[in-house]
Amino acid sequence: MKNAVLLLALLLPFCLFAQSDTLSITLENVKYPYPVHFINLNQEGQDFRMAYMDVQPARPSGKSVILLHGKNFAGYYWKDVIKALCDKGYRVIVPDQVGFGKSSKPFIHYSFHLLARFNAQLLDTLGIRKTAVLGHSMGGMLASRFALMYPDRTSKLLLEDPIGLEDYRTFVPYITTEEQYKTELKATPESVKKYYQSSYFPKWKPEYDYLVDVGGGVSKSADFPRYALVAALTFTMIYEQPVVHELSNLKVPVTLFVGLEDKTIVGKALLPVAEQARHGQYRTLGKQTAAKIPNCKLIEFEGVGHIPHVETPAKFISSLLSEL
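Numbering (my numbering) for the sequence shown: -12 to 311.
Hints in this document: simulated from the structure, not taken from any laboratory. Mixed in with the good hints there might be a few duds.
[Claimed, not checked] Across the chosen pairs, the derived CB separations fall in these ranges:
#	residue 1	residue 2	range
1	MET136	ALA209	31 to 41 Å
2	PRO212	ASN27	18 to 28 Å
3	ILE115	LYS18	19 to 29 Å
4	ASN29	ILE115	18 to 28 Å
Glycine included, each C-beta is placed from N, C-alpha and C at the ideal position.
Between the sequences and the hints, there should be enough to build the whole structure, so can you do that?
See the structure below:
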């Protein structure tokens, strides 16, 4: 076990684990690439906290970028993007959304509006009035909602393979949060890896294993039922709160980054195989979405799946910097 951990540390120095493959549901035993801070929040009579990294450049340009992670991830997977942005003088803010990563896992009504407000509160705390916003996957839905709510605070909206480019309610069968909770409870490291392999990457590589180590490691925690319920609550949030119908209302410049092999569908397992093939086709969805958004530029990555900044970091970062 120690040798395995050492090997992982050598390959991925930003994600060091304690002497156990069981992770706490707030990832206390996962080391992030930069220092983690917290702000205190309150909602529905509950006190909780939101984790974030605030990475300052050596030569500040006076500009900033906030990075919003996907549903099955947290701030730890932005390492290469953070460094590249800092090297160009950007201050980089990387929150773990409430309910994810090192942030608290409260039982509240999760909504993209509420999460957007929490991020606005974070920016207020840090004294940042206006910033570029980059959102990946679920973070793309959140980033879109943020830009719709706070256009005067969004200098540019950057969407990396955002989910929700289709209204899942129109073709994915409805299930209750309780039903989804029972599904989430069945997660194991093996099932997480199988899902990531089939859903996120056209070709799996060993360097992606750290995503499974985090995503699957929490399933062994004694507190995993709380984690699973929050995961179910945020599944319901995604399903019931589409933003796709409002993208044409965006008032800020938008760049849409799309991996052409991405076939992500939220609730995919609820669909027959034949129906799965009709949806989640980002090769088509990217073009359709870009056409709906005023002042939108589309950048496509051939042969790339759901996470371009992990699968093809050099190309993604080059494109990102050119758009900033």
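Comparing the hints with the structure gives:
no.: 1; hint: MET136 / ALA209: 31 to 41 Å; verdict: holds (37 Å)
no.: 2; hint: PRO212 / ASN27: 18 to 28 Å; verdict: holds (25 Å)
no.: 3; hint: ILE115 / LYS18: 19 to 29 Å; verdict: holds (25 Å)
no.: 4; hint: ASN29 / ILE115: 18 to 28 Å; verdict: holds (22 Å)
Of the numbered hints listed earlier, not one is contradicted by the structure.
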